[in-house]
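Kindly produce the complete structure, drawing on both the sequences and the hints.
These protein sequences, in sequence, are chains A and B. For the record, in the first sequence the residue sitting at position 65 is 219 according to our numbering, with numbers rising by one throughout. For the record, in the second sequence the residue sitting at position 54 is 208 according to our numbering, with numbers rising by one throughout.
Some clues are possibly wrong.
When chains are identical, the list treats them as one kind, so a pair holds in a single copy or across two.
Unchecked claim - Simulated crosslink set (BS3-like; lysine-lysine; CA at most 30 Å straight-line):
id, residue 1, residue 2
1, K449, K315
2, K330, K315
3, K157, K180
4, K429, K220
5, K234, K330
6, K157, K449
7, K211, K330
8, K330, K157
9, K211, K429
10, K220, K465
11, K180, K315
12, K330, K429
13, K315, K234
14, K475, K330
Keep in mind the hints are simulated off the structure, nothing from the lab.
Protein chains: 2
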Amino acid sequence: MGKTIGVIIDYLTDDYRRQIDAAAAKHGYATRYYPDSRSAVGNADDCEILFGHCSQKVIASARNLKWFCCCWAGVDRFCKDELYQNPKCLLSNSSGAYGVTIAEHLVMTALMLLRRQLEYNELIRTRGWDTLPGTIHSLYGCRITVLGTGDIGTSFARRVKAFCPARIVGVRRSVKPADPAFDEVRASAELDRILPETDLLVMALPNTPDTVGILSRERMALLPEGAYVINVGRGTAVDQEALADALNSGHLAGAALDVVVPEPLPADHPLRDAKNILLTPHVAGNTTLPYTQQKTLDMFFEDLENYCAGKPLLHGVDRKKGY
Amino acid sequence: MGKTIGVIIDYLTDDYRRQIDAAAAKHGYATRYYPDSRSAVGNADDCEILFGHCSQKVIASARNLKWFCCCWAGVDRFCKDELYQNPKCLLSNSSGAYGVTIAEHLVMTALMLLRRQLEYNELIRTRGWDTLPGTIHSLYGCRITVLGTGDIGTSFARRVKAFCPARIVGVRRSVKPADPAFDEVRASAELDRILPETDLLVMALPNTPDTVGILSRERMALLPEGAYVINVGRGTAVDQEALADALNSGHLAGAALDVVVPEPLPADHPLRDAKNILLTPHVAGNTTLPYTQQKTLDMFFEDLENYCAGKPLLHGVDRKKGY
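See the structure below:
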């Protein structure tokens, strides 16, 4: 049995296939393309490597798997040891490919909240034409806190900096040097002291035991009246009932959620009717951008070099940490 | 009769009033505040200077007016010589105060168009939760052309540059050195050669004889299939019937108009039902931002110094040119 790379890519094109074939051939691998996960389950025993949008079932059934390179950034579903027949199987993700698209989503939703665009949309939809009473707000002079200083948080900070906010504070588990786009980086242990000075809270965290429920009811109360919250990480990070309460009471002026629990969000879920909520159906990391697609491939090719040279994976995930 | 400055400010606060009184007193002026234009008509003969949100009628009735400092950026309504009893009356505008808020509107609407946010809004409004078929687009790699390289165009270019577009071309009447945020500045005579290489066309032009109808049916056809158009200048710049056709035929992928003809846009106007159109009711330059308000005052104070020193106004408008 020759060495094989199994590939399941939602957005496979002839060009991408040629690139993958060339990279595989360079290292003596054959390629095997599956149209979807279902067709790969129980059918991928010859794959030493799997690359792409694989389901848990595919991973669980691949007996000889040594490395799964996942095309998503969030890999919480793939961090349980018992999923793998080979306990030493490597896992890598595509964190680094989504910063561009998710940062654009973040700036867009931040401005939509600050400028009350949901209300203006509704006014136009009902064929009106008026200036809303009350005020709008601006990124200019805004105090921004970003939970998570990885690719997404950093790509956002670099873009939003051009709007002259008062300051951008990055918050991460432990303080390490971060991108100069952040005016300051602080440890998550200090979060409770940072929240009262935050006008816009942006959450871009992976789903780990540490991040579940991190925006609790108590912490929401620490945000100043009229603050805004945006979450593009995982829905588990937010106490959703508390968020709906904070929006409906007016304590928070608005929130944008691209991730929720559960997904899809039921049609009658209370979050649907919360005041000033901007919901999107987990599309911030939309994979239809050529940039995102090519970057995902390039990161795989980079780590294929590392894998074949016996070096550590650049995009490797510590299954215990979850990122 | 002492020297008097008449003031009509929509967003007058005690603080703003104190600032205006202090600036006036410094130069030996009394101040007179009118709650609105109606109360000032025929009642402002003692005003040498008028500052604020004055109607044409106020200006026409003020017999001893020597300078009207207008709080709006677009002053096309105030450029006719016959409006003034004193033919030498000076006019200045507040162009320079609106760049921040209008640039935020421009980035927001650009991203909403590129990311198909109108369709996502509708999907969520009807309680759905899906990824739309087809693709979204990005500012990353986008070829952007900005008509008008004044405060608004420049503030936009500075912000959008952080999103890594392929290039930002500024277009103005005559080529002069512009802000380094523009990769290139070209003369409007070259517009027909620039349009075919434009993915996103942003229009921030004053209403002058030269700009009326500048985006004609013929020029829209020069834009590549799938291009986007955003207008925040004046509605007269766009052939609206041609725009509706270009949207409905799919030649243009989307358009965002904050200014239209007429305003308010009638409920049954064909633009209301054009495909992928994002309408806002002339609120891009929303004056509720403290930044915009204070900047407008500061610019007036700056020119009050110039006026009293017999120097040219920094924000003076050439009534013949219209800006």
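Verification of the supplied hints:
1. In the homo-oligomer, the alpha carbons of K449 and K315 lie at most 30 Å apart both inside one protomer (24 Å) and across protomers (21 Å), since each shortest distance falls under that limit.
2. With identical chains, the CA atoms of K330 and K315 are at most 30 Å apart both within one copy (20 Å) and between copies (27 Å).
3. Proximity of K157 to K180 under the C-alpha cut-off of 30 Å is restricted to the intra-copy arrangement: shortest distance 12 Å within a copy versus 85 Å between copies.
4. Taking the closest pair of Cα atoms, K429 and K220 never come within 30 Å of each other, the shortest separation being 48 Å inside a single copy and 50 Å across copies.
5. Taking identical chains as interchangeable, the C-alpha atoms of K234 and K330 lie at most 30 Å apart only when both belong to the same chain, with a minimum of 28 Å there against 61 Å between chains.
6. When the C-alpha separation of K157 and K449 is checked against a cutoff of 30 Å, the pair qualifies only within one copy, where the shortest distance is 25 Å, while the shortest distance between copies is 67 Å.
7. Taking the shortest Cα distances, K211 and K330 never come within 30 Å of each other, neither inside one copy (37 Å) nor across copies (62 Å).
8. Taking the closest pair of Cα atoms, K330 and K157 never come within 30 Å of each other, the shortest separation being 40 Å inside a single copy and 62 Å across copies.
9. Taking the closest pair of Cα atoms, K211 and K429 never come within 30 Å of each other, the shortest separation being 39 Å inside a single copy and 42 Å across copies.
10. With identical chains, the CA atoms of K220 and K465 are at most 30 Å apart within one copy only, with a shortest distance of 14 Å there and 78 Å across copies.
11. Taking the shortest Cα distances, K180 and K315 never come within 30 Å of each other, neither inside one copy (42 Å) nor across copies (38 Å).
12. For the homomeric pair K330 and K429, neither the shortest alpha-carbon distance inside one copy (37 Å) nor that between copies (48 Å) is at most 30 Å.
13. In this homomeric assembly, K315 and K234 never come within 30 Å of each other (Cα to Cα): the closest approach is 38 Å inside a single copy and 42 Å across copies.
14. Taking the shortest alpha-carbon separations for K475 and K330, only the intra-copy value of 17 Å comes in at or below 30 Å, while the best inter-copy value is 55 Å.
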